[in-house]
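Engineer: As a plain string of letters, each chain reads:
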Amino acid sequence: MNDIGEFTLLVALATAIYGCVAYVMSARGNRIDLYLSADKTPLIVWGCVMISSICLWRAFLTNDFSLQYVWAYSNIELDTFYKIASFWGGQKGSLLFWTLLLTTYTVVVHFQNRKKNLRVVPYAMAVLFTIIIFFLFLVNFSTNPFERIPLPPADGRGLNPLLQNYWMVIHPPTLYLGYVGFTVPFAFAVAALISKNLDDGWIRLTRKWTLISWFFLCMGNLFGASWAYVELGWGGYWAWDPVENAAFMPLLIATAFLHSVMIQEKKDMMKVWNMSLILLTFVMTIFGTFITRSGLIQSVHTFDEATLGYYFLAFLFVILFSCMALIIARLPLLKSENQLDSFLSRESSFLFNNLLLLGIAFATFWGTIFPIISEAVRGIKITVGPPFYNQVNVPIGLALLALVGIGPVIAWRRATLSNLKKNFFKPLAAAFIAAVALAPVIPLGSRVENYTYVTFVLCVFVTACILIEFFKGTAARMGLHEESMFGALATVTWRNKRRYGGYIVHIGIVLIFAGIAGSQAYGTHIEKHLKTGETFKIRGYDITYEKLVAIEATSVKTRVIAQLQVERNGKHYWTARPEKEFYKGQNQPVSEVDVLSTWKEDLYMILADFRDDESATIKVYVNPMVSWMWTGGWVIAFGTMISMWPDRLEQRRRLERFRREESLFPSPAQE
Amino acid sequence: MKQKKIRFLVGSLLIVGAIGYLITMGISNTSQYFFTVDELLSQKVSYAGAGMKVKGNVVNGSIQRDPNDYLNVKFSIEEKESSINVTYQGVTPDMFADGREVVVEGTLGKDGVFHANTLLTSCPSKYEAEKEAGKMHPGALSTDKYKEPGLKKVDALPKTTI
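Chains as they are written, first to last, in our numbering: chain A, 1 to 671; chain B, 1 to 162.
Keep in mind the hints are simulated off the structure, nothing from the lab. Careful: at least some of the hints might be erroneous.
[What the hints assert, rightly or not] Listed below are several chain A residues computed to face chain B (Cβ distance under 7 Å; list not exhaustive):
| hint | residue |
| --- | --- |
| 1 | 387 |
| 2 | 391 |
| 3 | 588 |
| 4 | 589 |
| 5 | 591 |
| 6 | 617 |
All residues carry an ideal CB built from backbone N, CA and C; glycine is no exception.
Only chain B is shown next, with the shape it has when bound in the complex (with noise of 0.2 Å):
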């Protein structure tokens, strides 16, 4: 009977050690540092040409667009009186605005700009905004950031034309 329990404990440990050795390898393989611009800014050691995430806000009036290319984009991002420029390929999540919390994903470049792969926005979380809420006057809050889109409005959907 031992003999048949130690057999167990053996095939049991060799699927829990597979298991954590596929999760060692894949911390190692796919994880990456996460700043925030003043943490990557005051780091000794230099990280040109890692991959990592930092977190900012981005700075207002920052976000320039090339006119050739609608989706490359040019912004800053901000954390506690620390910034970078950041350049991003890609469409920008409908949140992306001035002020917004953003994180992004990709390389330093030696140049200290650095190049996102995925630029991601925080959801302005319910609970979040609550806390908001709570510590403001309602009163307070500002309604004007709506923008209308430009464009001429019509009555109904028109009918496809097919």
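Just chain A, with the same shape it has in the complex (with noise of 0.2 Å):
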């Protein structure tokens, strides 16, 4: 079975070249059968590449340790739900498991470009061949699942019990589904630049993967933070560690370019602009690879294989190189007809939206890669950490959260100033009702608390704009018929399902502001070493630290649970119960910290340390105002449903412009 999963993964390869070459010819050749040839490949490609993960799967679940990669991620005790999981737990794993996702993504795409925009669906399934081929050349020579070890083991080492639990099922699925989401995006973009396609078609086609792999990403990024702060128990969940920042920096260029391209669909403007927005999200999705797997720059998930680093470093500037080329040269037709009127526009809004984003993910970057540029330029190693993304990233945020409650209410074109006193007086009235109210109520002096006052009256100003917004559109329709104002608000919302589910989604980024700056600014710490019936207090909870004890899970786990009677004015508030884990066979515990989350803040329990005599090393976080940011994620995640819910006019809208076309410009089909 391992043998027929190696040999796909040839059979694979061998086929994705034959389709790309075929494509490509069919394309400029006007060739109907070498077309027909090469639409058999992508399900093909795809097939080998199911069949060789299959096998994969089957041996993690028959404990095939025969595989070195099975070996080292399983054992025969390991839950098969982990088993399963295991599968992208490692690099050889992760890479097939990105090549399956990126092979699936292709024949969708094939199905639904089967018979219409055949213009650039070659050139786009060339571009979506060519990657197809990097990432099977890496997993069929560089980094083999299947390799062998020729005296199979009796039992695999297993899975680190870090990674035991529901987000390791979770977290990477969910950012590759987003990372290789944008592949497509960005093959439709090359093949309109090859084709000379460049009205915004490609966007339009384009437009449900982006919004698709956008949410991927985002839901990525913030279950890597939850992950973080619920299992990993240090109390924080962002480090700007280099693998974090990976996969942080294609969320912004890819937010960017989301926005950018709306300009574009309207005002037909910033062309040059979203091809390299696109170009730029999925080379930083690359990069972000690559700083993975190169172990390069000192990191906490540091890995390590120094040719796999410059494999993709290779390809890394290749594609950079030859999309900013064909960029250059087909500049003249990227020129728009229409300009920037006004700095206050919505067009400028959008534009300054872009640029502050990319600020961000610039900043974010430099401050990554800082290590390498010095060490290569003055030999010694700076690193920057925390303090230094705050002190940037944070005032650029801030600058961000301001737009978000200004972009979409601001006139376009140009806005004068009776309409910007319409739209913004009672936002900015609100604003200024919550400054006074808080100043005196909130804590103020230090940098964060003041950065955090500022955080909160933005947050309000934002929220009052977006509730505008959401007001005027109900209010017109109750004008008009005869709705119930939840009625006519939930028709209005489903009429224009962009426009309203975009503003939920800012809904939800202003929570993960304010949660964010509520937990930097108020949050507490302490750390106390207690014998049994010692009692201490933080931040109003009085805690006494009752017993430990010690349980055999099961016949290689055991856990250590502390037990802590947490009081609070007098009155019984909770039972806490952070524990250790211990595991046979590996020889560091795994903390299970316990957390009582609400509205107001978290009490974050951990147990450090323990010894002999029953006496405990505690730590406790009180971290207000966290649980905002996950109910902002959810918000996030409702808004983006209803933003890319399919809208039945728009598709009847869509399939007539097509049959337009297609009468226009008859393709090499129907000839």
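Both chains come to you apart, so use the hints to assemble them.
Structural biologist: In structure tokens:
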């Protein structure tokens, strides 16, 4: 079976090469026979990779330790759930997983575009295949998941207990779905450049792809933060670690892209900008993978395969330079008719939003690669940590937050003083009231506290802007139809899913900003070494360390649990049970923190250490408003769902448009 | 029309400039040197009193805890024949043990002892582990480092007493 798995990967590679060449030649020579032949390849390539993946999963599920990869990440005792997830637990499998997702997406693209858009589709498929070829090359010749051990051992090493939680099953696939998803808009952008089809057709074709991929990337980032917070037990959710940054930068650039394409669709502007942004997004996803795998940058997650890093680097440069050359070559065709008219307009807001997002991405990028650059230039490694990112990204983030409110409201083209007054009077008034109301109530003085104050005021401003937008739409509809307020609200949202879905996403963003601001400024923590029965205080909580208990949960896992009673105002509030889990075969324990989450704050307990005499070191964090972040995440998910939902009316319009286009430009298939 | 273009260019450049300024200030204010132990000790310039990060492996048997203050830890870290002593106040990560790779952040005292504010251990990364795995025969992996916690074991979690 493993031989089949290995062989099908080779077949996939050969087929992909054939398909790529055939697509290109069919487009250039207008050859229908080559096109029909190439059109068979997506399914074949996907089928081969799927078979190969199934073989690998089979090896995991049947404890086949003749495969080095299975041995390294699984053992007989491992829960079936995690045996399945171990597929993407290591280097080789995760590359195969990426390939699986990419080939699946390619097949979907193939089916979506079977009988249309035939001027760009061959080139788009060729680009997709080129990238597939790269990954298949890696999986076949560099990091092969089917690498054997000559004398198969009886049992495997097992999966690191830190990874044995449900996040392991959710976080990597979600992130990959996002990363890989951006390959599709990228492929269509390149195809548009090659075939000189430079209207916004490629944007409209790939809008759903962009939105869905953005969604997965955003959720993937939030899952990562949540995982770190709940499982890794250091009381925080983001450390500006290079691998975290690697997932964050594509998200920022993709967000910029998501917004600027709206300008191209509505105003036919910023064409070169959009091309460059999708190129940058894709490059960042590959770069992120490169950082994660090359060990070039010191990280808590550093992996270590030097050769692989070089392949990625080479691939990166090839893409970057060829695409830049392509954009430059097509520059004359990318000129826009319209221009930015005024600083105070929606177009400029979008432009500034883009600049700010790219600014944060660049600052993050710079901070991440700084150690390498400083070592190359000065011979000494210099690093920057959270203080750098906070110092730089927070002010930019706050400016961005303000734009979240201004952008959707400000007039197109040119905002006159009268419509500025009309649109922004109420939100500014609300912000002013908030500023005055909050100032006496919350701590001010340190930089963090001041930033948080500004954040809260801005959050009120933005929320006011968004709510007024909802209200205006609802009121307009109520004026024309006999509907209740809720009915009108629902209808107006449903009829304008893109816009109102986007507004809901913005509300989620506001919640996340507020949550981050609150938890950064008002958090506190304490660590104490206690004997049983001892009590200590933190922020209004009285905590008593009651006892320590050890349980043999399974034959390989022992849990050591500390029980603490938490009281507030003299009344019992919570029984906390932070624990440490010890696994046979692993020489360090896994901390399981206990958290009580409320809207106001999180009470976060860690059993840091204990001794045979049952004394223990307990670390307690009080993290205000963290749950606002996760709620914000759900709101974003909800808003994106609404935005993405298919719109019958829009679909009908699109179909008509295609029919008109096809009659004007007969495709090769019809000749 | 050209005037508008110039104005936008200027506006955009202002934003870009502001961000660039923030980044430059940020780096000069918050950057830290990052040395491995041998690099630090081989530096000709004395870095006494400077804030920095140092990476090394914990010297076997060097971890000492103050009997009166459990959170006060002294240990040594080494890299390629060089080693330095470190003091740290606080909770040590789960993975902090003999031989582990750690990164300490803090200041080097004039007495040559490093006063650490932060102690980080490297996650035994999945991919790093794989590299190890690839190079060793599976049978050679030692499994005797597991240490049972020395506590009485119970069968089930007792109910709360309140």
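Engineer: Taking each numbered hint in turn, which are not upheld by the structure, reported in ascending numerical order?
Structural biologist: Structure breaks no hint.
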